[in-house]
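Novice: Read off the chains here:
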Amino acid sequence: MSGVGWKEETVLSDLIIAARNVEKTYDTGKVQVHALKGVDLLVPRGEMVAIMGPSGCGKTTLLNCLSGLDEIDSGEVLIENTVLHDLPDDDRSDYRAKRMGFVFQLYNLLPVLSSVENVEMPLLVAGVKPAQARKASMEMLDVVGLVDRAHHLPTELSGGQRQRVTIARALVSEPAIVWADEPTGDLDSETAQEIIDLMTSLNKANGQTFVIVTHSREVGESAHRIVLMRDGQIEDDGLGNGTGNQAARAS
Amino acid sequence: MEELFGISMNSIMVALSAIFLAGMAAVVVMGWRNRVMVKLGLRNIPRRRAQTVLIIVGVMLSTVIIAAAFGTGDTISFSIRKATIDSLRNIDEIMLSTRVDASDSFGSPAYVPMGRFAALEADLSGLDIIDGMTPQVAETVPAQNPRTSLSEGQMRVVGLDTSRLAGFKPLALASSSQEVSLLDLASNEVFINEKAAKELEAVAQDEVRVVLEEGPQFFTVRGIVEDGGLAGRDPTIIMPMERAQALFDRPGELNVIVVSNKGDERSGADLSKEVARELRIFFADREVVGQLKVLLAQDSVLAQLQELEKDKDRIDGDARDDLGALIGQLQRTGTSDELIALLSDPEVSGNVLDALGGEEFSDIEVEASTLFDDIGEFSVLEIKRFLLGQADEAGSFVTSFFIIMGMFSIMVGILLIFLIFVMLAASRRSEMGMARAIGAKRSHLVQMFVFEGTAYAVVSAAVGVAVGLLVSSLIIFIANRIFESVAEDFSFVRHFELRSAIVAYCLGMVITFATIAFSAFRVSRLNIVAAVRGLPSPSTATSRGWRYAVQTFLPRVKNPFRFGWRMLLGLRHFNLVGQAGALANLLRTFRSILALPFAVLALLARLVLLPLKQGWLVLIAGVFLIVMGVGRWEHTAPFSIGVSLAVIGLGLILQTLLRRTSLREDRRDRIAFSFMGVFLLVFWLLPFDALESLTGELDSNIEMFFISGISMVGAAVWTVIYNADLILRALTLATSRFGKLRPVMVTAVAYPMSAKFRTGLTLAMFGLVIFTLIVMSVLTGSFGTAIADEDTVTGEWDIDASINFNTPIEDIEEAVAANPGLAIGDFQAMGGFTGFGVDARQVGVEEQRWEGYGVRAADDAFLASTKHKLKLIADGYGETSREAFDWLRSDPTLVVVDAFVVPSRSGGGFDEEGGFKLEGFYYDDETFKAVDIEIREPRTGEIRTFTVIGVLDQLTDAFGEIGGGMIGSKTVLDEALPFALPITTYRFRVAEGVDVAQAAKTLEASFQENGMETTVLTELLQEQADAQRAFNRLLTGFMGLGLMVGIASLGVISLRAVVERRQQIGVLRAIGYRKRMVQLSFLLESSFVALLGIGIGVGLGTILSYNLVTDIQKDVASIRFTVPWLQIGIIIAIAYVFSLVTTFLPARQASEIYPAEALRYE
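In order, the protein sequence lines correspond to chains A and B. For the first sequence, the residue numbers in our numbering are 11 to 261. For the second sequence, the residue numbers in our numbering are -15 to 1146.
These are calculated hints, taken from the structure and not from any lab test. Misleading hints may appear alongside valid ones.
Distance ranges between label pairs, derived from CB positions [to be verified]:
| id | chain 1 | residue 1 | chain 2 | residue 2 | range |
| --- | --- | --- | --- | --- | --- |
| 1 | A | GLU166 | B | ARG506 | 22 to 32 Å |
| 2 | A | SER168 | B | VAL534 | 38 to 48 Å |
| 3 | B | PHE505 | A | GLN42 | 45 to 55 Å |
| 4 | A | HIS162 | B | LYS425 | 33 to 43 Å |
For clarity, every value in this text was computed on a predicted model and none was experimentally measured. Beta carbons: idealized from backbone N, C-alpha and C, even for Gly.
For reference, chain A alone in the conformation it holds in the complex (with noise of 0.2 Å):
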């Protein structure tokens, strides 16, 4: 794997998430945006890493890359020893189902379908027996504390319950990593605390990896480590690497 330029003490099988010289153009027609400029990341199996910077920085971005959400322009993202870009869609979608769990700031639920049903649609999608997947969401539910809601249309939950739902929903399928995009952005303090400490216990307790973008101090703080980003370059790895590192060593 030297080939691709990895540190040599890096060892390869413990990464869940690596990422080199990831390059990101929207091109909207009349603006070019230089969303990401060569990042390189690496995470860690079961790691919890916060992605922190100011608004616009590519934070959002980054995530959805490395995902598997958006293509890339170049560079390289590994998930799980698997280049995910060379598969087909297809596959990659497959992938998603069995082994990613998404969780999004506008909790993102399907507003046709109940609490359950929500929970219960990554596993129907990968294939899980119904009565199967309908057990394992009520479990989750459980988990999350909505038992009591399993049958209620988003509507008719609040912000914070709306967000347990969707934690359940990418949880499910125990995925290996759980990504986050501003899981607690619209949520008051004491709700998004809550949500904090379920997602932290959730890792605890399963060694999933989550990689959460956000703006909040407290998720940050949660995390075992932050990225910060800013202008589409990763300033700070948390590990001493990043713009902001070399600019350092460099002074």
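Starting from the known structure of chain A, fit chain B onto it as the hints suggest.
Specialist: Chain B alone, transformed into the frame defined by chain A:
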């Protein structure tokens, strides 16, 4: 076309234009006062081009259907008018003698001496409304062209008086339009018209052979003249009158007078009524008029006439004025020209006889009826006016027919417009919420939509009219292809009147505009917070009750007084400020007075809304309609609508009551609406006569098809939508084994079911369209089974052979046997009859008017071998049709009648309009008691009594192929007529193994001298059945236009759904949905709606057609309920496949979006 649904097209145009202009004016004024909203509304149009195009197409569909109906009607009316003018040219009236004697013959008009004509001519010479009048000798003979061996059995020979042709279009050569004169003809030369030349393939200098009783005569064709006018439209040979008189041995006599009114070929007909009046006065028998006057001037009769005159339901317009004038004349002494003119007008005499209904007047009616027929020496036929009138009627019939048939599509089109605007509103919900939040009023939102909608409508209606014209051209093109085989020398000429275009445009606009206004109003009632935050709307608040209505109303009543008082107060101050204030208050006073009517309307609406919503007002309205429908109007429509309203009312009351319980809202709604839906369905699906024991017999007409369709489909959709979760559960269960299909299925069903209103609308549209197509298919399929029953139609005869009445065959069997070209053994049976018109009335019933009726006077051979089926046989005249026909042979005063003069209990097949009718029994009965009828030969006035002992099966005359009317032995009628009654139609049944078509050809060739023309009956039937099938397909195609709307609606919904759910698509993709799964989910969603709609349509359509067919079966026993599965399969396949195609593109587009991009979308 002058009228539609009985209303003058001019009035329709004026009314619609007024509504249209008023609407537009209102929009313009609103726009002027609120230009920002105009800008906001119109700004949306160019934003999404594809959507704009789709909207315009969707909005135009109702207009297309209306314009197509008008275009077709206009074309038909114009074509018939054109054919009329082309064939008659300057001829406006035809006069025929009503006096007949032994020297006359059957079939040709009676002769009168030239002296009578000369007298008439002298008397009318001062009359400037006539510009030409000419006598003719006209006869029909068989003719042949020996050079081409072609023959024409019914060749007209017309002799024209060369000295009296002024006022008529001169004869002109067909080749060069050069005028020709009969004076130039040599002694054996004639002109023939184009039609004759075509039939005989004759050219100038050909010898034409005509067959007369005395033997053949030869003429040389001098030239071929243009058809129409004096040259006629039928195959005609034209010669000078003296030669025709000599040819037919009628020296110094004539038998036809044609009249040309002042004016050209078109405008001449306008004077027809006036001219006919003058002519009738001249010919009236004053003695008969005197007798009639004595008869009618009796006080009791006058009282009857006056009563009729007062009854505006029975008589109106000119007819009423004429009756009034007649009453006036009857009360005076002497017989004035006015009285003569009135009494000899057939319309007036008809009304007089109508007034004389009732038993106590029956003697007077009998006498009057006879006298009326004796008034004129000549009958005056206002031929052009009559035919042009028919043209207009045909046009407006076709237009109304297509509009009624298109009603479903128009309805579906309206739903589509509604749907489009609901979707537009949904897409702009947050934007509108924002606008409301920063202070826009509800009315501003309405205006915004109205401006945008008006812009669409203005363009759509124009495009719709243009497309509608194209559709009507297509209809006409296909109709011409269909009629090619049936009527070879008539074709429709495309024509469209500006007036129709204006009406279609305004109608389309008004419908669209109303729909837009309604949807805009609905849309504007949004909850601001929910709209801004994109939350589902809370359920609409219940009405605020009467107190609120009154509270908002009272200040508006006070306003005028308040401002008026302030104005007065202001006037006290004699300074500028005070005066200005007074002026302002004066204006306010005016404005508040002007606003009062609207306030009253709003109050009424608010006051009515609550009881409407609570249901009891609906229930009362329903019960009222039921009572009126059954008790007073005796009509199915109000009764059925009443029952439906009552059910809806009960449902709403149930809902109101349930509100007081602790049930959840959705449960309450489900119970109440399922109650309504299920009960409505059950009611509408009941067989037609299921409630007859309760309601008695009720009338119904074609609009019931429309009403029942809408109600059934509505009820079904209602039920389905409110119980959708059951379907969802069933489907989820069913797909639980299919692994990956399951999540896709879950979302595919969950989405449409969560947007109940939208889905309901689409379901209703799809269901309605499929419903109509299924009913059409099943009905035409079932009628096909009735047509297939050939033996009933033909009476098991194989060949029909008509001959010229001037060259009869003495004894057909002998003639066949004697003919060397024919073998008598080839024929199993042969017989003949003559069809002609008589007057008839039933003995011993109230109605004593002579009415026109047909007689088929048959020879013994025909009666002995015909196998026509009788539906009814009178008691005592045997069990089988054969026995009954044998009775006819043994007793020539017995007859059987056709089915059309016998009423039917269900109303089917019984022609309501005029004509001879029997009473006392029904076609649907098992048997009946023989009734007596009187038959009067119109030209001699001879009356004979016959006994009706049977009624032919309806199918016998369904194609009119053996003429119409009663069948009886010719013996009695021979006696009643002053001249011999020749057989004009023969029937042959060929022996087994003989080629029917060949036999027909041989017969025609063998009896060429007699002008025989043969038809193979099964071929004729086949042709007619083919034409009918083709016509049904055309109609099904026309109704299928609605299918386009249904399919378009699914497209609109999918397109919208893709945009609306972009973010959710991103979520699904993040969760692991493959591209194909996203696509499939959309396709399944459309399939779900389409298949549900198709299911509703097919199910309801089949049941309704079953009910219809069972009902028709009472009259037409041979009809069988047949479902044309292939055709239905094709319809379903088209509907389904195209709905998938319209969904496929948006679905693909949705699946191609990158998940990250989709997630970014808000």
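Novice: Would you mind marking each hint as holding or not holding in the structure?
Specialist: Here is what the structure says about each hint:
1. Separation of GLU166 of chain A from ARG506 of chain B is about 25 Å and conforms to the stated range, judged on CB atoms against 22 to 32 Å.
2. As the Cβ distance of SER168 of chain A to VAL534 of chain B is approximately 41 Å, the hint placing it in 38 to 48 Å holds.
3. Hint check: PHE505 of chain B to GLN42 of chain A, Cβ distance near 46 Å, so the stated range 45 to 55 Å holds.
4. In this structure the supplied range 33 to 43 Å holds for HIS162 of chain A paired with LYS425 of chain B, their Cβ-Cβ distance being about 36 Å.
Violated hints for the displayed structure: none, as all numbered hints are satisfied.
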